[in-house]
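K.L.:
Now for the letters of each chain:
There are 2 protein chains.
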Amino acid sequence: MRQKHMLSPTLRSVAEAEMMSHQLLLKAGFIRQLAAGIYSFLPLGFKVLHKVETIVREEMDKIGAQEVLLPSLHPSELWEETGRKKSYGPELMQLQDRHGREFVLGPTHEEVITDLLRDEVNSYKKLPISLYQIQSKFRDERRPRSGLLRGREFMMKDAYSFHANRASLDEQYALFYQAYQNIFSRLGLDFRAVEADSGAMGGTDTHEFMALSEAGEDTVAMCLSCEYASNIEMAKVMHDGGQRTQIEVPVLTEIETKGQKTIAEVASFLDIQAEQVVKSLLFIADDTPVLVLIRGDHDINEVKIKNLLGASVIELAEESQVIAVCGAPSGYLGPVGLKKQVKVIADHAVADMNDMVVGANKKDYHLRHVQHTRDFEIDEVADVRNIQTGDTCPSCGGQIQFSRGIEIGHVFKLGTRYSEVMSGTILDENGKTQPYIMGCYGIGISRAVASIVEQHHDENGIIWPASVAPYAIHLIAVNMKNETQASVAEEVYQMLQKEGIEVLFDDRPERAGVKFKDGDLFGIPLRITVGSKAGEGIIEYKNRRSGVGDALHLQDLSKALPDLMKELM
Amino acid sequence: MRQKHMLSPTLRSVAEAEMMSHQLLLKAGFIRQLAAGIYSFLPLGFKVLHKVETIVREEMDKIGAQEVLLPSLHPSELWEETGRKKSYGPELMQLQDRHGREFVLGPTHEEVITDLLRDEVNSYKKLPISLYQIQSKFRDERRPRSGLLRGREFMMKDAYSFHANRASLDEQYALFYQAYQNIFSRLGLDFRAVEADSGAMGGTDTHEFMALSEAGEDTVAMCLSCEYASNIEMAKVMHDGGQRTQIEVPVLTEIETKGQKTIAEVASFLDIQAEQVVKSLLFIADDTPVLVLIRGDHDINEVKIKNLLGASVIELAEESQVIAVCGAPSGYLGPVGLKKQVKVIADHAVADMNDMVVGANKKDYHLRHVQHTRDFEIDEVADVRNIQTGDTCPSCGGQIQFSRGIEIGHVFKLGTRYSEVMSGTILDENGKTQPYIMGCYGIGISRAVASIVEQHHDENGIIWPASVAPYAIHLIAVNMKNETQASVAEEVYQMLQKEGIEVLFDDRPERAGVKFKDGDLFGIPLRITVGSKAGEGIIEYKNRRSGVGDALHLQDLSKALPDLMKELM
Numbered sequence: 001m002r003q004k005h006m007l008s009p010t011l012r013s014v015a016e017a018e019m020m021s022h023q024l025l026l027k028a029g030f031i032r033q034l035a036a037g038i039y040s041f042l043p044l045g046f047k048v049l050h051k052v053e054t055i056v057r058e059e060m061d062k063i064g065a066q067e068v069l070l071p072s073l074h075p076s077e078l079w080e081e082t083g084r085k086k087s088y089g090p091e092l093m094q095l096q097d098r099h100g101r102e103f104v105l106g107p108t109h110e111e112v113i114t115d116l117l118r119d120e121v122n123s124y125k126k127l128p129i130s131l132y133q134i135q136s137k138f139r140d141e142r143r144p145r146s147g148l149l150r151g152r153e154f155m156m157k158d159a160y161s162f163h164a165n166r167a168s169l170d171e172q173y174a175l176f177y178q179a180y181q182n183i184f185s186r187l188g189l190d191f192r193a194v195e196a197d198s199g200a201m202g203g204t205d206t207h208e209f210m211a212l213s214e215a216g217e218d219t220v221a222m223c224l225s226c227e228y229a230s231n232i233e234m235a236k237v238m239h240d241g242g243q244r245t246q247i248e249v250p251v252l253t254e255i256e257t258k259g260q261k262t263i264a265e266v267a268s269f270l271d272i273q274a275e276q277v278v279k280s281l282l283f284i285a286d287d288t289p290v291l292v293l294i295r296g297d298h299d300i301n302e303v304k305i306k307n308l309l310g311a312s313v314i315e316l317a318e319e320s321q322v323i324a325v326c327g328a329p330s331g332y333l334g335p336v337g338l339k340k341q342v343k344v345i346a347d348h349a350v351a352d353m354n355d356m357v358v359g360a361n362k363k364d365y366h367l368r369h370v371q372h373t374r375d376f377e378i379d380e381v382a383d384v385r386n387i388q389t390g391d392t393c394p395s396c397g398g399q400i401q402f403s404r405g406i407e408i409g410h411v412f413k414l415g416t417r418y419s420e421v422m423s424g425t426i427l428d429e430n431g432k433t434q435p436y437i438m439g440c441y442g443i444g445i446s447r448a449v450a451s452i453v454e455q456h457h458d459e460n461g462i463i464w465p466a467s468v469a470p471y472a473i474h475l476i477a478v479n480m481k482n483e484t485q486a487s488v489a490e491e492v493y494q495m496l497q498k499e500g501i502e503v504l505f506d507d508r509p510e511r512a513g514v515k516f517k518d519g520d521l522f523g524i525p526l527r528i529t530v531g532s533k534a535g536e537g538i539i540e541y542k543n544r545r546s547g548v549g550d551a552l553h554l555q556d557l558s559k560a561l562p563d564l565m566k567e568l569m
Numbered sequence: 001m002r003q004k005h006m007l008s009p010t011l012r013s014v015a016e017a018e019m020m021s022h023q024l025l026l027k028a029g030f031i032r033q034l035a036a037g038i039y040s041f042l043p044l045g046f047k048v049l050h051k052v053e054t055i056v057r058e059e060m061d062k063i064g065a066q067e068v069l070l071p072s073l074h075p076s077e078l079w080e081e082t083g084r085k086k087s088y089g090p091e092l093m094q095l096q097d098r099h100g101r102e103f104v105l106g107p108t109h110e111e112v113i114t115d116l117l118r119d120e121v122n123s124y125k126k127l128p129i130s131l132y133q134i135q136s137k138f139r140d141e142r143r144p145r146s147g148l149l150r151g152r153e154f155m156m157k158d159a160y161s162f163h164a165n166r167a168s169l170d171e172q173y174a175l176f177y178q179a180y181q182n183i184f185s186r187l188g189l190d191f192r193a194v195e196a197d198s199g200a201m202g203g204t205d206t207h208e209f210m211a212l213s214e215a216g217e218d219t220v221a222m223c224l225s226c227e228y229a230s231n232i233e234m235a236k237v238m239h240d241g242g243q244r245t246q247i248e249v250p251v252l253t254e255i256e257t258k259g260q261k262t263i264a265e266v267a268s269f270l271d272i273q274a275e276q277v278v279k280s281l282l283f284i285a286d287d288t289p290v291l292v293l294i295r296g297d298h299d300i301n302e303v304k305i306k307n308l309l310g311a312s313v314i315e316l317a318e319e320s321q322v323i324a325v326c327g328a329p330s331g332y333l334g335p336v337g338l339k340k341q342v343k344v345i346a347d348h349a350v351a352d353m354n355d356m357v358v359g360a361n362k363k364d365y366h367l368r369h370v371q372h373t374r375d376f377e378i379d380e381v382a383d384v385r386n387i388q389t390g391d392t393c394p395s396c397g398g399q400i401q402f403s404r405g406i407e408i409g410h411v412f413k414l415g416t417r418y419s420e421v422m423s424g425t426i427l428d429e430n431g432k433t434q435p436y437i438m439g440c441y442g443i444g445i446s447r448a449v450a451s452i453v454e455q456h457h458d459e460n461g462i463i464w465p466a467s468v469a470p471y472a473i474h475l476i477a478v479n480m481k482n483e484t485q486a487s488v489a490e491e492v493y494q495m496l497q498k499e500g501i502e503v504l505f506d507d508r509p510e511r512a513g514v515k516f517k518d519g520d521l522f523g524i525p526l527r528i529t530v531g532s533k534a535g536e537g538i539i540e541y542k543n544r545r546s547g548v549g550d551a552l553h554l555q556d557l558s559k560a561l562p563d564l565m566k567e568l569m
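Chains as they are written, first to last, in our numbering: chain A, 1 to 569; chain Y, 1 to 569.
Keep in mind that the hints were calculated from the coordinates and are not lab data. Remember, predicted model here, so these are calculated numbers, not experimental data. You can trust all of the hints, since none of them are fake.
It does not matter which identical chain is meant; a pair holds if it fits inside one copy or across any two.
Heads up, simulated BS3-like pairs for lysine-lysine below, C-alpha to C-alpha not over 27 Å straight-line:
no. : residue 1 : residue 2
1   : Lys559    : Lys533
2   : Lys363    : Lys261
3   : Lys4      : Lys62
4   : Lys498    : Lys51
5   : Lys51     : Lys62
6   : Lys343    : Lys236
7   : Lys566    : Lys51
8   : Lys126    : Lys62
9   : Lys517    : Lys126
10  : Lys343    : Lys306
11  : Lys62     : Lys498
12  : Lys4      : Lys51
13  : Lys362    : Lys343
14  : Lys481    : Lys432
15  : Lys51     : Lys542
16  : Lys62     : Lys125
17  : Lys125    : Lys4
18  : Lys4      : Lys432
19  : Lys306    : Lys340
Chain A extracted, bound-state conformation:
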């Protein structure tokens, strides 16, 4: 492609963009904003998008998923059937047609695909079936920002699988999981498959694929030594089983701590560490109050408490409930001398503590030298806190660290969530009617493009992995007005094209500085420069990532190419 007539308007600065990917994709002329969260892909940006799509398509086809294309306009009735017309909230874009019929602009296609299958597939013999599509999706984000990382119209790959039994779903899930590993590896992404909470279906039934990046909105707990990764809510905290050392604990003492409510305030006031203070939190689990104790330096994990109690709803108690149960306002709660009998759950770390500080259940007072069993009873010891940096990896015993992540994919066992309410059923082997068992599998295609940029750039611009680079080689003629340079560059251009290499030829009548700056922004993996030594048949190459380059005689280029290209992989 000749750059002279390519629409690739570069910018030297972009005021409004915060994220690096947003900045660089704008600067390099890969995208332009049409409205908040709504972007046009310009030629270079489209090329990358298309390459990502192609990799996704190849890996989907490889596991036998069948490509379809479902409409963006969904009759509202389908979303009413599943209750999501209400529950999806204001992110759901809606419209009426000329006859006043209501439609939803598809943000996802569970309703439409279940509707399709329920009409067409009614026997276990035809299952499993896996279908996917690559398509623009619509989600009316309240504050779209971050460029392609969170848009209102964006490109998704969504897939759905249908099964007659759980084992078949498990098998397909494993195939998708592996395909996702392949896809994100081929995209050159540093990512982790993260265990995530899937509600009713249990622990290993959903994974989020996270591109590791400071630009991410999610926090991932991951192991420094092994592949373990989990979102914080899900990560199990390892307990070494060590009992507390039986030391001599002074007798319990009440002390005035006027106005000192937070752990930090209390610790500072008493000149002790936060880990010597116990945080007491009163929850209402399905109408029953429960007091949960964690160490002052730990964070509570409500999901774990909810799962521990098997509760369907769990909420922090309101102030009136706190006073009714504990006799004091929050900030002064503790397990000693409660007004009402209430179940006390302690985190493992609390059970290991000696000589703790707790609230006195009396405004402006705490208790020092508290020792459980001696001064109060714990009803249940359990893992109820969030994992922290430095904790032990539940998989290998290594050390946990935190990282920010961008969710670029998820695989999810839906079960019968949709098939039941929509009467999507089959006759099973015994002639019995059963709802389909379903899985769903998403990849944010345009978000993946931005994630690649977040991970692959330097201060001068983007550095595309070869697999998704818009072109493999950026051929720059330094001075097109110099006839020798222009004709040597033309010769190289023709030669590279003959070799079947995707090459962008900067044939613009621009100054060298502009050309190199634009070239760095574009991030094409290999640059070939035709400059002042063109007359002697000398050209130069440079690897965008490593910066490694050299001069080369024109007649050696063809021979050198395979090695140069290999280095880009």
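Assemble the complex: chain A is given as a structure, and chain Y must be docked to it using the hints.
P.N.:
For chain Y alone, kept in the frame of chain A given last:
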């Protein structure tokens, strides 16, 4: 692909579908309707769609058009700028986002692309630029019908070119025109490029590409001998220049023709041919009345009259105007004895007539034996009628016939229609500000799929051209319960895949009749059947289009394949 788990639900009858393409695509399980005019592409249908897209993409890339992807959500303000928010009418689908901002769902992208370019390209040096995209479009048809031929959400390729001068536009237009010829030829379509009216830009500045088919909504006038084709409005009627033969014409006579108003009624009442009667029509051209005369067996062409008069608006006169000018109600108009002086335009064929019948400008009366010049004056003789079957081809002198056509593409010189109102300008070579000169070029991708089916089917199903067939070979194992057949079929399947051939393997435990019926519906070009002679290593092949087939020894298949595949081209 193994058919057992493919989503390809065939139907034996479809009540609601009228068009053959609609019927067959439903029956063969290529598409399903989600809502009126809104379709899902199932795996086989998607494969065809994708192949059509790929052909379009290849030909667009070949002429240097750059692929982009513009949003479907357009801020309404852009459509207000061009006045199309109103003028587009109720086919424009509209919605509001959560903040009450108004959006249009793009049916076409002139506004968005002009908005993009006006921000980015401001010098003639960067032009010409041609951009295209392949994308779902939205148009709220009042009565969506005919399946993919006229939907509300459909796949389009739209392209836009930007130029600094007219010559550059002409050049690009020619490239697109040729690319369209290539595309539709590769799709296996019988089509014509038809001259169409482009309003202000003149005669050869817009072409519609019509797939010839009885299912079409348009009528095309085309030559039996040459490539000439035109929509009826545009086709020039050739006049041999022959003067009327000077025969003795009896004296003009008024006769009562009570209640006989139409040409047919008058001709029948007087027992003469329609071509002996003159049809007189009063038009109001920009407030000025004009009487137009055409032969009774001809159809009036308002576009020609409008162009002839250089009028901006032309309409048939209302009854009150007719009476004011002619003194009689319509049905009895004529050029003799008009109440008011009015310009009289006659079609060439009228100027050639002798002894005509015209209205008497008196209710229930006509005049016989009328001779122009003797009885009334013609102010201007011109081509003001529609071309007809049997007329002379304006290009080669051959014979015109009519055909129905489906519009599958158009190329259009927009000129400055959008750039002027949207201030899309460049500095030209002289440093002067000029609006872009634009072209636009569309292809209905999903409509092309349906058009192919309209042209390629028989009573048993679709017959895909090899270029867009979902698979090249349909391998049918007649009886999968027979182990020999199953294993021979499996062997053939593996072999064909190894050869890189796209093959669909019917491995379903269905009866032979079902398999062959489904196979005919699918329309895959070559069938290979593994049946009862599998034990002897004998299989069969059959060309879906020609019906030609034969038995073949397994070990000869590999050698025979190249020839068999060549026949499918």
